[in-house]
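Enquirer: So you can see what is in the structure, the chains are spelled out below.
There are 2 protein chains.
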Amino acid sequence: MINLPDDPRHALMLLSSMIEPGDAELDDLLGEVGPIEAVERIWEGNVPERLHRITSASVACTRDPRERCEALVSATAACESRVLIPGDPEWPEQLSDLHLVCDVDEPHLRPPRCLWVRGEGDLAAMCRRSVAIVGARAASDYGEHVADGLAAGLAEAGWTVVSGGALGIDRAAHLGSMARGGPTVAVLASGVQQPYPQRNRPMFDLIARNGMLVSEWPPSSSPMRHRFLTRNRVIAALAAGTVVVEAGTRSGARNTARHAAELERVLMFTPGPVTSSASTGVHQLARGPWEARLVTRAEEVIEDVSGIGGPMAPEPASPSSAFDRLTEVQARLVEALPRGALSDERSLAATAGVPIVTAAETLDRLRELGWVELRDGRWRLAKIDAA
Amino acid sequence: MINLPDDPRHALMLLSSMIEPGDAELDDLLGEVGPIEAVERIWEGNVPERLHRITSASVACTRDPRERCEALVSATAACESRVLIPGDPEWPEQLSDLHLVCDVDEPHLRPPRCLWVRGEGDLAAMCRRSVAIVGARAASDYGEHVADGLAAGLAEAGWTVVSGGALGIDRAAHLGSMARGGPTVAVLASGVQQPYPQRNRPMFDLIARNGMLVSEWPPSSSPMRHRFLTRNRVIAALAAGTVVVEAGTRSGARNTARHAAELERVLMFTPGPVTSSASTGVHQLARGPWEARLVTRAEEVIEDVSGIGGPMAPEPASPSSAFDRLTEVQARLVEALPRGALSDERSLAATAGVPIVTAAETLDRLRELGWVELRDGRWRLAKIDAA
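Here the protein sequences line up with chains A and B, keeping their order. Quick note: the first sequence uses my numbering, first residue -4, plus one each step. Quick note: the second sequence uses my numbering, first residue -4, plus one each step.
Derived from the structure by calculation, the hints contain no laboratory data. Remember, it's a predicted structure, so these values are computed and weren't measured experimentally. Wrong hints could be hidden among the right ones.
Over the 10 angstroms line for every Cβ pair with chain B, so calculated as not near, a few chain A residues [as the list claims (entries may be wrong)]:
1. Gly29
2. Val54
3. Arg132
4. His221
If you anchor each label on the Cβ, the simulated ranges turn out as follows [what the hints assert, rightly or not]:
5. Arg220(B) / Ala317(A): 51 to 61 angstroms
6. Arg282(A) / Asp117(B): 27 to 37 angstroms
7. Leu162(A) / Pro284(B): 52 to 62 angstroms
8. Arg175(B) / Arg282(A): 51 to 61 angstroms
9. Asp200(B) / Glu286(A): 38 to 48 angstroms
10. Thr346(A) / Asp136(B): 52 to 62 angstroms
11. Gly283(A) / His47(B): 46 to 56 angstroms
All C-beta atoms, glycine included, are put in the ideal place defined by N, C-alpha and C.
Build the full structure now, drawing on both the sequences and the hints.
Expert: Structure below.
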């Protein structure tokens, strides 16, 4: 008998410690049987060949999955962190927009299934009006000055700054926000217990007290190169827009920019001297292939992210814009529902262009929000006039 | 008896000395009766009230128009300049695109009727592959460095640099081009005899020997504030694209940028530090309302102006692109002609959306180019297959 965890949250924590985030096969398995049975199947070896191969070492050295879950729960509590999973009130729903951009070539782009967070606030609330500021680690004084100024201006206007906790531009952005009393969110490529890089540890402690550290990996996980790229999609998805402040030609900020553009978030950049190699990547970005807006100060950033009524824009006043507050996936499903008729999940998923798993999950959430009703296993709009 | 000039060119020179360029009423009168009869009507007072008012002082102190023409011809020769008028082989035909953007609120935007030029080259040939570089007089060292580098790169690639002859960015652009052996064209807001500003006189002499000084005003005319704005439309219309390098918030470069955008030329800018007030106007420009491309070096400028197959783009290789070499007005008229049928000027002008005067003038030019034929006072396509 396998000693299984009895809490789906614990099962997701365990799975996150074994399989890298965004894994499409695990995602599909979770959608099919849920986290606890997924653990059982993995321990039984009753999973697709690839999943079996990447989990067999963990399974071999862990006879009791439940015990390992308990160790993870203790480690999580020990560093004053906690775990969020989809469906939690604090879960940022805009992350599900990642379903729209992941494809078979890039399965690791699926939304996170589990987030470790360290900090006292409410992550969803904190990210509701948020902008990402990212850029080169090898930033110039000019670049750090610009990032600091943007972050300060955003903080003063009540916007949260999201970044990656790195040296250079990220650091200047986090500190600029906190220096004006703003909350800031650092999305890490390592665990929240010993965030990377070491030199930023005092800053990470400040962020934990004034904002939030976020990671898809268990507390003691070390950063790995591919984790930075995986992490970037979360930064782009959390925020209403991303500003790139300085980047060399091979900067990872370009990767975050791509995610922002593909997620239809607002992509922005701050220019620099054409003679500065620290701005070369930013100027390349400005020439395409994605539309990128030039910004020079926080007011322009706010104008740009507010202009399109993005997912995190200021609370709209008119009653009709309840629809505007839906995430992209939610909105697509609401629009996919025929007026005055019932529809099943499969056809709704097809019409909305989202995976069935996502459709099921999102429809549940839409029911909580009062948008849809379930009748005899099929869905219909609850408020005909609001759609 | 009024002693009238016998050469239409001389009549246009005389009229240019009395009435500011781009005047819509004079333009219409010229279209109706031609330059010599226009002079006669003005001396008779047989013109619309406004034209009469602005010419009456000149008429009062000039009993003999022909004598005044001769004085202008002498003054023109004395400073080694000459006069171009529409229809001359050296006349840059792309100037007629200005017909497309002028409107009743801005009558001064009509194309020039007469250009004084000083320099040995062929203005039309020189502007066939040209880019305008404009910007602030109060430029920073950085801005002048950037303008110099762009101009040098354009010159090396065989592109002519067009600018306004001012201190700062204009000066750096002209000198950067000439330093690499490139031809450069300075479009002045004063006459070509004593170009403004005085401090640039040695540079103007260099330009006259290695490129071209261009002005819509008689040789000794002094610069006036409104003339800089009037002049800007010529810079924008001559070149395939305009690059703005540094500009304060109230810079005249913004005016040139607007003309470039309205003329559907490629509008470009070079960024600078967001902390530099010399770049503020440029960064504003980048945020709209017109589309403006960020460029950092000459290769990008050439890529952008070549990309759209603009009026001055490199000689196309394929036979079908003879059409691409037509100016916008020429192309519209060719397209307005029904295949295999005859059409009169009035209906062609209406279909093409250009003034009848322009249609008549352009159709004459298209006949010279072998595109159209005149039969019984009506027009038809000469080469059916080329259109």
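Enquirer: Work down the list of hints and note, for each, if the structure agrees.
Expert: Going down the list of hints, with the structure as the test:
Every Cβ of chain B is farther than 10 angstroms from the Cβ of Gly29(A); the closest lies at roughly 49 angstroms, confirming the non-interface assignment. With a least beta-carbon separation of about 53 angstroms from chain B, Val54(A) lies farther than 10 angstroms from that chain, consistent with its non-interface assignment. At roughly 20 angstroms, the least C-beta separation between Arg132(A) and chain B is larger than 10 angstroms, which holds for a residue marked as non-interface. No Cβ of chain B comes within 10 angstroms of the Cβ of His221(A); the nearest lies about 31 angstroms off, and the non-interface call holds.
For Arg220(B) paired with Ala317(A), a C-beta distance near 54 angstroms keeps the hint of 51 to 61 angstroms intact. At roughly 34 angstroms, the beta-carbon separation of Arg282(A) and Asp117(B) lies within the given 27 to 37 angstroms, and the hint holds. At roughly 38 angstroms, the beta-carbon separation of Leu162(A) and Pro284(B) lies outside the given 52 to 62 angstroms, and the hint is violated. Against the hinted window of 51 to 61 angstroms, the Cβ-Cβ separation of Arg175(B) and Arg282(A) comes to about 24 angstroms, which falls outside the hint.
For the pair Asp200(B) and Glu286(A), the beta carbons lie near 46 angstroms from each other, so the given range of 38 to 48 angstroms is met. Taking the beta carbon of each, Thr346(A) and Asp136(B) are about 60 angstroms apart, inside 52 to 62 angstroms as hinted. Separation of Gly283(A) from His47(B) is about 55 angstroms and conforms to the stated range, judged on CB atoms against 46 to 56 angstroms.
Checked against the numbered hints above, the structure violates hints 7, 8; every other hint is satisfied.
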